[in-house]
Amino acid sequence: MFLGLCATSVAQENPATLSPEDARQCTELTKVMARNLYLYDEEYLKLKVLNEKTMLKAQEISKGYQNAPTQREAKLKELSTEFENEVKKMLDEQRLVALASYKINASLWLNTPQALKSLQGSIE
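Heads up: the sequence shown begins at 1 in full-length UniProt numbering, then just goes up one per residue.
It is worth saying that the hints were derived from the structure and are not from the lab. Just so it is clear, the structure is predicted and the values come from calculations on it, not from any experiment. Cβ coordinates follow ideal geometry from the N, Cα and C atoms, glycine included. Treat the hints with care, since some could be wrong.
[What the hints assert, rightly or not] Have a look at the derived ranges for each label pair, beta carbon to beta carbon:
1) E82 to Y38: 21 to 27 Å
2) E28 to A100: 18 to 24 Å
3) E78 to A98: 20 to 26 Å
Whenever a hint applies, use it, and build me the whole structure from the sequences.
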């Protein structure tokens with residue numbers, strides 16, 4: 001769904017923590033998603049936590065499967081599906097329609113040069 005946006009670099013000191021740049025990017029992404037999905041504050045906070053967890057997992061997959069691109073792609077696709085399912089659980093019928101029109105789709109973004117560059121940055 002949004003994995004490419006979030007698969008940049010992990011803070012080297014603590015792999016379970018987003019770098020300041022990634023945290024900023026995650027916050028911006030969450031704001032955009034919340035605005036497009038018409039989320040309330042509580043829902044925004046849940047989405048932000050989900051985005052952060054998914055971002056960290058995407059970075060872990062990118063690094064762990066750096067020499068196995070086919071497996072990496074499959075794992076990221078699986079993570080994207082899990083993420084989308086979790087987002088859908090948070091939404092009522094009207095917001096599911098908003099989600100469909102917003103068309104969050106990480107696989108499209110992951111195939112862009114910008115995504116590939118950021119993924120390479122997270123591996124180095």
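Structure-based check of each hint:
1. E82 to Y38: 21 to 27 Å: Because 23 Å falls inside the window, the suggested range holds.
2. E28 to A100: 18 to 24 Å: Since E28 and A100 have Cβ atoms about 22 Å apart, the given range 18 to 24 Å holds.
3. E78 to A98: 20 to 26 Å: Holds, since E78 and A98 (Cβ atoms, about 25 Å apart) stay within the stated range.
Comparing the model with each earlier hint shows no violations; every hint is respected.
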